[in-house]
Amino acid sequence: MNRTRDALGLGRALPDRALIAVVLGMTLLAGLALGGAFAARLLAMSWLGDARGIAMVELPAQTGTKIDPLIQNLQAAPGIMSARVLPTDDVARLLGPWLGSGSAAEPALMAGLPTVIEVRRNENAPDADLQGLIHAQASDAVIAEDRHWTQRLSLFAGSIQACAFCVVALVAAIAVVMIGVAVRGALRVRRVPIEIVHDLGASDGYIAGIVARRGLVLGLVGGIPGTLFAWGMLLALARLAAPITEEPGPDVTSQGAAAAMHVALSWHDALLPPPLMWALSTLPVASALLAWVTAQGNVRLWLRRLP
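Numbering-wise (full-length UniProt numbering), the sequence shown opens with residue 1 and increments by one.
Among the clues, some could well be false.
[Claimed, not checked] FRET-style restraints, in silico, Cβ to Cβ:
#1 D16 with R152: 47 to 55 angstroms
#2 P87 with R239: 35 to 43 angstroms
#3 Q151 with W278: 29 to 37 angstroms
#4 P193 with A169: 30 to 38 angstroms
#5 A236 with R305: 43 to 51 angstroms
#6 W278 with G201: 39 to 47 angstroms
#7 G201 with F229: 40 to 48 angstroms
#8 M277 with K66: 37 to 45 angstroms
#9 L113 with M233: 44 to 52 angstroms
Since the hints were derived computationally from the structure, they do not count as laboratory data. Each residue gets a CB set at the ideal place from its N, CA and C atoms; glycine is no exception.
Kindly generate the complete structure, drawing on both the sequences and the hints.
This is the structure:
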């Protein structure tokens, strides 16, 4: 800032390097917190998908229960989207890690395994009494449903996102305090010329504008490298997590999980997911505006307290 625009010397009084370092660090932390919030959302999508509406019913091999009437009753029940017998190949694939791919496919072994029925609930319809429907025809059936633990996972993922946004808010509050301290220090250093110019008729807006413009520039100068550092760190973390997300595996059948995997697989195209890139791109502007507003408020409040 040249002397014609900074006749009060406030630019020289502001600790440029210190403010830039503070804004850089705060922007970096905010960027990492935003990345954590997006990662929590992505994990929630891949964990949950539409698995919250799936129930697995196991019928012992020697139960004598007629499968077709049970399937028909389940499909006709309100609140049930579909019901099907899990194919033998799918059961063998599920048991492969424990029994070995060869032994799991042996006919003698498969004949002794229970019949598995996959039931999908309609989340937009009233809940059906699944246990009552099944136990009325197969009292020895075992029902495994994920609804309870998926609700807990959803709550957990939402809590992580809320914590991440709380971190962003806390970082912004700390930045406001630090910038305010720096601005008040500069005002104390240049108190005499400020009082003289103010007594000669300079408005509060004129004096506050000088400091706010300087804060705007410093906020932008600190916010850009802070955002770049956050982008680089998130990109490195995304590369480390790529082996986890790039192979959905044959057991991923839910549309929600498939969508989450599609987002994860597109990271290498856009370097980071587009929503996260957009959020990161707003950080330099947000840091500059935060510095401008903080400087304006502190200067105007300080001037009002002058005798």
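Hints, one by one, checked against the model:
| no. | hint | verdict |
| --- | --- | --- |
| 1 | D16 with R152: 47 to 55 angstroms | 49 angstroms, holds |
| 2 | P87 with R239: 35 to 43 angstroms | 37 angstroms, holds |
| 3 | Q151 with W278: 29 to 37 angstroms | 30 angstroms, holds |
| 4 | P193 with A169: 30 to 38 angstroms | 37 angstroms, holds |
| 5 | A236 with R305: 43 to 51 angstroms | 48 angstroms, holds |
| 6 | W278 with G201: 39 to 47 angstroms | 45 angstroms, holds |
| 7 | G201 with F229: 40 to 48 angstroms | 45 angstroms, holds |
| 8 | M277 with K66: 37 to 45 angstroms | 56 angstroms, violated |
| 9 | L113 with M233: 44 to 52 angstroms | 48 angstroms, holds |
The structure does not agree with numbered hint 8 stated previously, though it agrees with all others.
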